[in-house]
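Chemist: All chains, please: the whole structure from these sequences, using the hints.
Here the sequence shown stands for residues 1 to 211, where the numbers follow full-length UniProt numbering.
If you're looking for bench data, these hints aren't it; they were derived computationally from the structure.
Every value quoted in this text rests on a predicted model; they were computed, and no experiment measured them.
The reader is advised that the hints may include incorrect statements.
Below 20 Å or equal to it, Euclidean Cα-Cα: the simulated DMTMM-like pairs (lysine to aspartate or glutamate) are [to be verified]: (1) Lys73 / Glu63; (2) Lys73 / Asp113; (3) Lys79 / Asp109; (4) Lys10 / Glu61; (5) Lys82 / Asp109; (6) Lys71 / Glu101; (7) Lys202 / Glu190; (8) Lys104 / Glu40; (9) Lys79 / Asp113; (10) Lys71 / Asp113; (11) Lys82 / Glu63; (12) Lys167 / Glu190; (13) Lys73 / Glu101; (14) Lys82 / Glu40; (15) Lys71 / Glu61; (16) Lys73 / Glu61; (17) Lys104 / Glu63; (18) Lys82 / Glu61; (19) Lys73 / Asp109; (20) Lys10 / Glu40; (21) Lys169 / Glu190; (22) Lys197 / Glu175; (23) Lys73 / Glu40; (24) Lys10 / Glu66.
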Amino acid sequence: MNNTQTIGIKVPVGHITANSRWTGSNLVTILQASIPVQFESSTSAIDFYPSCNTGVVYISEAEIVEGCAFKRKVARLRKASKVHGIVVVEKTVSCSQYFPEIQKFCVSDLGLDLIPVNTQAEAAGFLVQLVYVTSRLDRNPFQKQLPLPKRDPAVLAALTSCPGLGKAKATALLEKFPSIHVICQATQQELAAVLGKASALKLYNFFHSPT
Numbered sequence: 001m002n003n004t005q006t007i008g009i010k011v012p013v014g015h016i017t018a019n020s021r022w023t024g025s026n027l028v029t030i031l032q033a034s035i036p037v038q039f040e041s042s043t044s045a046i047d048f049y050p051s052c053n054t055g056v057v058y059i060s061e062a063e064i065v066e067g068c069a070f071k072r073k074v075a076r077l078r079k080a081s082k083v084h085g086i087v088v089v090e091k092t093v094s095c096s097q098y099f100p101e102i103q104k105f106c107v108s109d110l111g112l113d114l115i116p117v118n119t120q121a122e123a124a125g126f127l128v129q130l131v132y133v134t135s136r137l138d139r140n141p142f143q144k145q146l147p148l149p150k151r152d153p154a155v156l157a158a159l160t161s162c163p164g165l166g167k168a169k170a171t172a173l174l175e176k177f178p179s180i181h182v183i184c185q186a187t188q189q190e191l192a193a194v195l196g197k198a199s200a201l202k203l204y205n206f207f208h209s210p211t
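Modeler: Take a look at the structure:
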């Protein structure tokens with residue numbers, strides 16, 4: 001049985017599948033400007049499928065402030081069969097004090113990838129890049145292979161908002177690393193090879209520091 005059958009979600013190459021609760025949202029509107037979005041109706045905790053075997057849960061600022069309900073949502077993602085789980089969380093000034101708890105729960109306790117974003121526009125840019133990367137790396141020879149995407153202005157703008165990055169350094173990063181997700185997973189030494197030690201330290205701490 002393949003991964004699509006296991007989780008019951010079919011995602012065409014180059015598309016993203018969103019849970020129907022996101023219909024009409026600002027995030028989906030931004031996504032639709034770059035890639036085709038299809039919807040699925042279910043009670044699944046997963047908000048977005050960039051591919052048939054990748055599931056993304058989005059934790060909003062409101063959910064963080066509200067309390068621990070997000071933990072049940074993330075725990076259901078962890079239990080999803082045959083899905084590589086990624087948690088995208090809004091990390092804003094008003095909710096940054098909650099980030100250490102979220103980081104510990106998602107990364108240390110459950111072993112999930114955690115991607116902090118400042119806005120839904122930044123989240124959309126990450127999801128677009130994730131769609132391109134998962135499509136390009138798909139090993140199924142019968143699926144359409146997509147060309148490398150043009151650099152998304154939303155992703156570039158998101159990176160330039162990070163500490164230690166201007167447009168030139170953000171552009172250099174995107175030439176070396178294919179997505180924000182990959183940049184988040186890079187070591188300080190890998191970042192320093194592109195940015196220099198000082199800027200690499202600022203960026204690494206931004207992605208990995210609890211505050």
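Chemist: Please go over all the hints and tell whether each is borne out by the structure.
Modeler: Against the structure, the hints:
| no. | hint | verdict |
| --- | --- | --- |
| 1 | Lys73 / Glu63 | holds (10 Å) |
| 2 | Lys73 / Asp113 | holds (15 Å) |
| 3 | Lys79 / Asp109 | holds (13 Å) |
| 4 | Lys10 / Glu61 | violated (30 Å) |
| 5 | Lys82 / Asp109 | holds (19 Å) |
| 6 | Lys71 / Glu101 | holds (10 Å) |
| 7 | Lys202 / Glu190 | holds (13 Å) |
| 8 | Lys104 / Glu40 | violated (30 Å) |
| 9 | Lys79 / Asp113 | holds (14 Å) |
| 10 | Lys71 / Asp113 | holds (14 Å) |
| 11 | Lys82 / Glu63 | violated (26 Å) |
| 12 | Lys167 / Glu190 | holds (19 Å) |
| 13 | Lys73 / Glu101 | holds (15 Å) |
| 14 | Lys82 / Glu40 | holds (18 Å) |
| 15 | Lys71 / Glu61 | holds (14 Å) |
| 16 | Lys73 / Glu61 | holds (15 Å) |
| 17 | Lys104 / Glu63 | holds (17 Å) |
| 18 | Lys82 / Glu61 | violated (28 Å) |
| 19 | Lys73 / Asp109 | holds (14 Å) |
| 20 | Lys10 / Glu40 | holds (10 Å) |
| 21 | Lys169 / Glu190 | holds (14 Å) |
| 22 | Lys197 / Glu175 | holds (18 Å) |
| 23 | Lys73 / Glu40 | holds (17 Å) |
| 24 | Lys10 / Glu66 | violated (33 Å) |
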